[in-house]
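So you can see what is in the structure, the chains are spelled out below.
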Amino acid sequence: MLEWRRRREPSLPMLVLSPLIAIGLTMLTGMIVFTAIGYDGFHAVESIFLTPFLEPQRWADIGVKGAPLVMIALGLAIGFRANVWNIGAEGQYVMGAIAGTGVALLTYDMTGWWILPAMVLAGILGGMAWAAIPALLRVKLQVSEILTSLMLTYVAVQFLYFLVRGPWKDPGGFNFPQTRMFTADQTLPTVIEGSLVHLGIPVALLLAVVAWLLMEKTTAGYAVKVVGLAPAAARHGGFSAARTTWATMLLSGGLAGLAGLFEAAGPFGQLTPQFPVGYGFTAIIVAFLGRLHPLGIVFGGIVLAGTYVGGEIAQSTVRLPQAATGLFQAMLLFMLLAIDVLVRWQIGWKRRAA
Amino acid sequence: MNQPREQDVPPRLALAHISKSFPGVKANEDISLSVAPGEIHALLGENGAGKSTLVKIIYGVQQADEGTISWNGSPVAIPSPKAARKLGIGMVFQHFSLFDAMTVIENIALGLDEAVDREELKSQVAAILQSYSLPLDPEREVHTLSVGERQRIEIVRCLLQKPKLLIMDEPTSVLTPQEVERLFATLRQIAAEGCSILYISHKLHEIKALCDSATILRGGRVVATCDPKVETTRRMAELMIGAELRKIEHGQTKEAGAVRLAVSGLSLPGEPPFGTDLKGVSFEARAGEILGIAGVAGNGQAELLTALSGERLAAAPEAIRLDGRAVGLEGAGARRALGLSCVPEERNGHAAVPDFSLADNGVLTARHRLPLAPHGFISRGAVSRFADSVIKLFDVRTTGNGALARSLSGGNLQKFIMGREIGQQPAVLVVSQPTWGVDAGAAAAIRQELVDLAAKGSAVVVISQDLDELLELADRLCVINEGRLSAPRPVASLGIDEIGLMMGGIHGAGEQVGAAHA
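Sequence lines, in order, name chains A and B. If you read the first sequence in my numbering, its first letter stands for residue 8, the second for the next number, and so on. If you read the second sequence in my numbering, its first letter stands for residue 505, the second for the next number, and so on.
Since the hints were derived computationally from the structure, they do not count as laboratory data. Built from N, CA and C at the ideal position, the CB exists for glycine as well. Treat each hint with caution, since some may be false.
[Claimed, not checked] With the C-beta cut set under 7 Å, the calculated list includes, among others, these residues of chain A facing chain B: (1) 239; (2) 244; (3) 322.
Given only the sequences and the hints, what does the whole structure look like? Please build it.
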């Protein structure tokens, strides 16, 4: 008979291996399921998980899609460590883009180096403001931030639709629901000339290092961990759970807002109804795939960005519907959560009584 | 209560050469013992001596690696607690498994292996309560009951199965002296009816008062079997600890120093759902003295500790004064920086973070008084050095400062926590249950540290349910009951009966105590 046995200490090898096992299981399950429903399962999985990484011309695209995922996931992961479950990064991402675009529209006929920084600042503040609502409700009224942050996402998306169809519609845009294109001073510079690789990518990597230092080396990061692991001990040690909730919500909201602004001022160059692509939700998977560790999140961001790129490849190679990407991403999260049990538990043969 | 032991009656329970290992530790090694019908047999040993593992094997929670168990003379396998109950083995655990929000009778019904008709169960329970004259109202909700009453629920639950062997695990650790007397009367009656009792404890005077024979465990092995009525307490203690007992050394009798901690009219509502309100608590603790606060669990001790530590703030700054300074509205960090340190009763999750290393646990409360995190940046070197010094000075048995707090035994973790606070030289140290669940050797070391700290001019407040400990340590003693604190009295003027009555009497169990004595 097999039985579960609790490990004396969490297993470090399993902590590192379980994301890889989860990826492997997702590939295997995906292959079986898509073959069963009549697709070329093998090539579907190959296109989504392998092709993006094997073809160097796709790497820039992975970077562009990975940067917002990493940025958002860094903030979310810090909150998750403190048991603050911000599920509404998608909304904060949209609100950040809206706030930054607001600055862009106000400065439309101006020039100057200060315009982009002003947009960045507005983007961060926009995301923070949207995250402040669930934070306030949680701290003052003990309302679950999981529900409020999630629901506010839909409010943010509807607000975006309203703006691009109404007051912010491009006057010269043939009535398409979209804002004006941003000017050169409002656009994120590219890092590699003539490529898609914009400033957001190095910023995301830098932020990962900063987040790592914050969590490992500072009293603030220590507070986040204590509040999450042992709330009573945190209180005993003089750490405030309310202040930690505020700080982690504002931080994750601000980072999501920054990611949204970078996306608007980078790849999009304007706001359109197609702007929200679910990075805020996918970043939750990135955070867990990266074990809530800033450097792991960079890895997780690359993998999930790959599935976005691969999903597009699979649309043309094996005619997979676009929704299949989300399916693989969700499957990955489920596998990861299931495999996670092995970090604290192990399977062994049941010892018979003597 | 000695039962006649006839040679031809097989023992109720006989263990032969039982061994059990866990990864890295041999919990039981070659243990043999036997319990006769109607015998009250003590299983004596320090924490970590292997008592719990052994009874878990008897109760079917765990399986022995080697050895045999015989029941009434024939070998048996006990694969599960259900099988144990079927044989006639009942067990009252140290920590009760009761639902606070349900009634006594509902809790009893939930614990049964088979569904029993409610009315029939009621009459069975009533019969047991009457025949053992146990005061307990089956319709009361559990959260309104004292610890002694809760224990009676567990006992009734066992007696319903008409057990042939009853295992009692540290049953008196949270009872008042009067409740202990009542429990002993019940146990003697149960034994007189032929049920054997395996009584697990490290309290020697209780074993002398109650038990017919004793098996002493140390380090997973049987070191002696004796008749506790004949053997001296000191000898049994030495067998249990395996060393000469250390006596607490008090310095010279000192003059009471300046008031370091003054609490006046401290009131605070209890935290829902089952917290106790603090009602106008006032006391002073002076330099060089140890003030003891006795009381039965759940009478406001936890609330008093969090109010003093700053985890919850007082209504007014003047309610708590530290060296004359009003700190009632200061938070936990600020109070600690000023020299007020507190050690709560619960180690894992309150005094320490179980999933943090010892080094990281040092940061939790030492960062205010020691330069462990200058400018918000944690200094790894300073943190390691501080943890190492605590580990060394307070003799914490561990693999190093990187060991997770949860991997330490209760006693070792407590030594680390006490060392962490004492190592900061606080002006006032408030500590709740300093030696709860700690083995005798570590307990003696911790008590000595408290005495030494007071001797250096700090004021020490010890909140404890262990009267022996308070009588040994404290200069003055008061009792907390339903959130009220009695006036302190010099320990020298108090008898244990008097304190017991103060503890139990004001607890709302006055009539019961009266009835018991009638």
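Restraint check, 7 Å cut-off on beta carbons, for residue 322/A near chain B
This interface hint is violated because 44 Å lies over the 7 Å limit.
Does residue 244/A meet its interface restraint, that is, does its C-beta lie within less than 7 Å of any C-beta in chain B?
4 Å, holds
Interface hint compliance - residue 239/A to chain B, C-beta minimum distance less than 7 Å
4 Å, holds
Going through the hint list in order, the structure does not satisfy hint 3, though it satisfies all others.
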